[in-house]
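Visitor: Residue strings, one per chain:
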Amino acid sequence: MSVLRLENVSKDYSTGGRSVPALENISLELAEGEFVTVVGRSGCGKSTLLHLAGAMDLPTSGRVWIDGVTTSGLDDPGLVRLRREAVGHIFQSFELLPTLSVAENVELPLLLAGRSGARARALECLAWVELAELAARMPHQLSGGQMQRVAIARALVHTPKLLLADEPTGNLDTVTSNVILLLLRRISRERATSILMATHSLELIAAADRSIHLRDGRIEPLGTR
Amino acid sequence: MPFLRFCRAFLLRPLAKEPVRAGLTALAVALGVAVVLAIELAGRAAAGSFHASLETLVGKNDLEITALGGVPESLYAQLSSLPYPLHLTARMEDFAVVKPGGEVVPLVGLDLVAQAFDREDASPAQETSATPLARSPSPAEWNASVWVGPGLARAPGEMLRLQVNDSEADYRVAGVFPGNSDAPQFRRAVVMDIGLAQRLLRRAGRIDRILVRLPAGQDAAKFQALLSREFPGLLVDRSGARTNENRKMLAAFRWNLRLLSYIALIVGAFLIYNTISVSVVRRRREIGVLRALGATRAQVLFAFLAEASLFGLVGALAGIPLARVMAAAAVRMLGSTVESLYVSSAPEPVALTPGTIALGLLAGLVVALLSALLPALEAARVAPVEAMERGGREYQAGVRKGRDAAVAVLLCVAALAASLAPPIGTTPVFGYLAALLMIAAAALAMPAIVAGAMAASGILMRRSGLGGLEALLASRSLAASLRRSGVLTAALATAVAMMASVGIMVSSFRRTVEDWMNQQLPADLYLSPAVPPAADRHPTLDPDVAAIVARVPGVSAVGEFRAYSTSYKGLPVTLGVSDLSIVARTGRLNFLSGDRREILSQLAGNDAAVVSEPFANKHRVRPGDSIELPLGDRTVPFRVLGVFYDYGSEAGLILVDRAALQRYLPVGPPSNLGVLLAPGADPEEARRSIVRALEGRRVAIFLNRELRAQAIRIFDRTFAITYALEAVAILVAVVGIAGALLAVVIDRRRELGLLRFLGASQPQVRRLIVFEAALLGLLASLAGLAQGILLSLILIYVVNKQSFGWTVQFHWPLALLAAGLSGVYLATLLAAVYPARAAARLVPIEVIHEE
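These protein sequences, in sequence, are chains R and C.
Each residue of the first sequence is one higher than the one before, starting from 1 at the first, in our numbering.
Each residue of the second sequence is one higher than the one before, starting from 226 at the first, in our numbering.
Keep in mind that the hints were calculated from the coordinates and are not lab data.
Don't take every hint at face value.
Among chain R residues calculated to face chain C with C-beta under 8 Å, some are [what the hints assert, rightly or not]: (1) Val80; (2) Arg84; (3) His89; (4) Pro109; (5) Arg115; (6) Gly117.
Which bits of chain C does chain R cover? Going by a derived footprint, with three or more residues having C-beta under 8 Å, they are [unchecked claim]: (7) 978 to 991; (8) 1064 to 1074.
Beta carbons are placed, not taken as given, at the ideal position from N, Cα and C, and that holds for glycine.
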């Protein structure tokens, strides 16, 4: 069973009373542990695709299955439940809460879901990204790379089947980007977590199992421009 | 103008994007301005009318002569025969009750014969403005006729039923005198012949007031001194002196109300400060860019001051009409208070004058500019490079909290010192200063308090899981934005402190008065003429009432009490005359010092007096001092034997023995009777018997408990307005909190969106905002309560004592405080409902991609 399946998915946005297509007729499948990158110019629909794949939004037409559950017809509590169980997010700007410590940031998804043993699990994930010793620090005391590793630990803390990453190395230097890249590879291989990642980075594209190219909301075969 | 265009682009457009928040800030200012203006307008309308009372019915005169118990007619004759060119007008003055309806109207007795003669050489202008009568009466009309003002709406020939003291009768309206716009009460006055008035008022042979007009160019001060010297028993005052006396009396009352009303404006000021601070923090980067593009510091400063001015102006413009509505309600409350505690008056219509409108605009603008000055200066100091760094602002607020807390401690010490300083005159200037310093200290200490409390609550929540994740996030968020949370907590805490302090003060006062009444009202029944009570009206009973009541079965003793309104050293005072041997036997008069029995035994029959605490404090009189009372044709020194607790009159009470006063004045019929019943007699039955015995007379008979209940009703009515003021201050704070929470939602939308990405549900986001309000409300309530307790000590032991002279025993109104705090807390939670809904409705995928 695929972790993520999109079937003829389209998404329109309404701007000034006019319907603007963001995605058109997208079909896509991610197997367990598969690492897929989404490439394309700004505004091509990468983020929209990630939002639909993360149960943050619903398609205008077509259907999305996450871990076998279709998002269509789910109300907000249903979508929240699905996100809590199956999806982890990594952002370009790390998005750590400045008022919480590193460990508190990492355990946040578990606490929001009301799960027990959050702290132990958070420390385990921090150890996995090799930042256990920074658990008590505040985000502003970390470097950019450390912050993104903390964000990765947070995305993994509830053992999601699907990890969605939006330009995770966009704010990092090359050396740090490579560290993040290795970490993401480990995630897909060692933890069998599927990764769908929007990126412009050639290194990340090269490291992925496959890449899809989005242009004006449609998937184009690689090599066509 | 380029600057205005800059302001429009830089300030107005962002404000227009958040109309609810901007509207709430303007509403807070509007409420603050409205309440200040309403109290000013209502105070003027309720108190302003007294100057238009009896004395304005006299026209233009230079001097007025009065005496305790009235000027003997013999002295009037002597005055008339003096070899000076004085024009004298004799008058009786009191109040009558129009039946049915019960309206109390001024009653004036004039020498109509003299008036008729005067008129022959008076000009038409004098006829309409200087004297009330437009038509000379015929002597036959004098004994059963009255002339009325146009306000009473009676036509000549109609009958008018009037109650004077405890007697009721019908009078024929002989004429209507013209109205006088300078004296609204004049329009509702009743005029009768002086002889008839003397008979009705049972003051035969006495004149209440003699008005003296001097020839043009004569020095009034010279004649005042001359007459005072020649007639030592008479009080010779400049015309209008009574108005000034009453003004002085009312000044403290109005000042206290005014200051209470300013609290709402101070709370509004906190909120403007918060709004501008938020503006500065949000636009720090923009300010940096503007500075980099060539904006001067002054331009940035004026831009933010212009934003504040806009709030001040819009708030004031909305507040002015609101004040008009609020004043109409307030004047009803104040009018009855003025009547009960100070002077007979009828409220004037509330009038919005250009002066009051200017006051409202000025209050709004000044408060807005002052409260915005610090954040605006801070904005002006922003360096272009610094503005590009995120989070720098909150860091500054954090590091300053220690210094601010230290300044707060210094302000507390200054407040303590100010509270120990004596008043200036009878105005507790330093008491007010102590209260303001205390409020400022609390505001400065608030960031440190919030930081400490949130750190502690964070640990508690973390360990106990209390409130869940949302509570923990809320507590961290408040601690991380000390500038904002400190100001909001300070604003709400100030309103809570006002509520708590005034609540403690009023209920302490109420309890003290209740205890005092329990001790001071020993009689089983009390009788007085059935007219509405007022502090300066002492209508009398028929002289034979006491004897009739004494014969009623079950009555063991009847004590007579006669009250006179007079003045002492330029301030009004009541002189009470009673048989103090009865008081010594039955009363429980409590003295500040000395042995009660010994003091009362020395009073009997001697030229000695005991004075109430407010009188002693106002006039700095202590036991052993001597006070001079003008009696009859001389001034008599009375030795003060003691100072007693009394909460019946702010003006003060001098109590002398009936036998002593009778040596100088014929003490007329009593104002009140106290009836002691024989052991086992049923008070209700006794009352029925007395009512039967006094049939046909307009006498009010109260059981002891009824009298106490009536006094407490007057008390509660008096302080009702303070509760209304508190409610407005709380409302201002709650409106501010709603606006500030909206700002929190707007500023933290990215964070709230992130939480939704991480699995937060909409109810969790809603709860997060509600928890912030809950924590803020809890902290503000606790801090406000602590601050309120300290403020109540200042109010009770400094402001109240110095303003009014009363000793008030501290009392904890636990139920009231619990109810008040619960109400505030609930209101704070309600204020969070809309912002919480707005937070839950944020679209996470939109806000997470915003820059």
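Visitor: Each hint should be assessed against the structure and marked as holding or not.
Guide: The hints, checked one at a time:
The beta carbon of R/Val80 comes within 4 Å of a beta carbon in chain C, closer than 8 Å, and the hint placing it at the interface holds. At about 4 Å, the closest approach between the beta carbon of R/Arg84 and any beta carbon in chain C falls short of 8 Å, and the interface hint on this residue holds. At about 5 Å, the closest approach between the beta carbon of R/His89 and any beta carbon in chain C falls short of 8 Å, and the interface hint on this residue holds. Because the smallest distance between the Cβ of R/Pro109 and any Cβ of chain C comes to about 5 Å, under 8 Å, the interface hint for this residue holds.
Interface restraint check: R/Arg115 against chain C, minimum CB-CB distance 10 Å, threshold 8 Å, status violated. For R/Gly117, the interface hint is violated, the least distance from its beta-carbon to any beta-carbon of chain C being 13 Å, above 8 Å. Counting residues of the segment 978 to 991 of chain C whose CB lies closer than 8 Å to any CB of chain R gives 10, which reaches the minimum of 3, so the coverage claim holds. Given as covered by chain R, the segment 1064 to 1074 of chain C passes the check, having 4 residues with a CB less than 8 Å from a CB of that chain where 3 are the minimum.
The structure is inconsistent with the numbered hints 5 and 6, although it conforms to all the rest.
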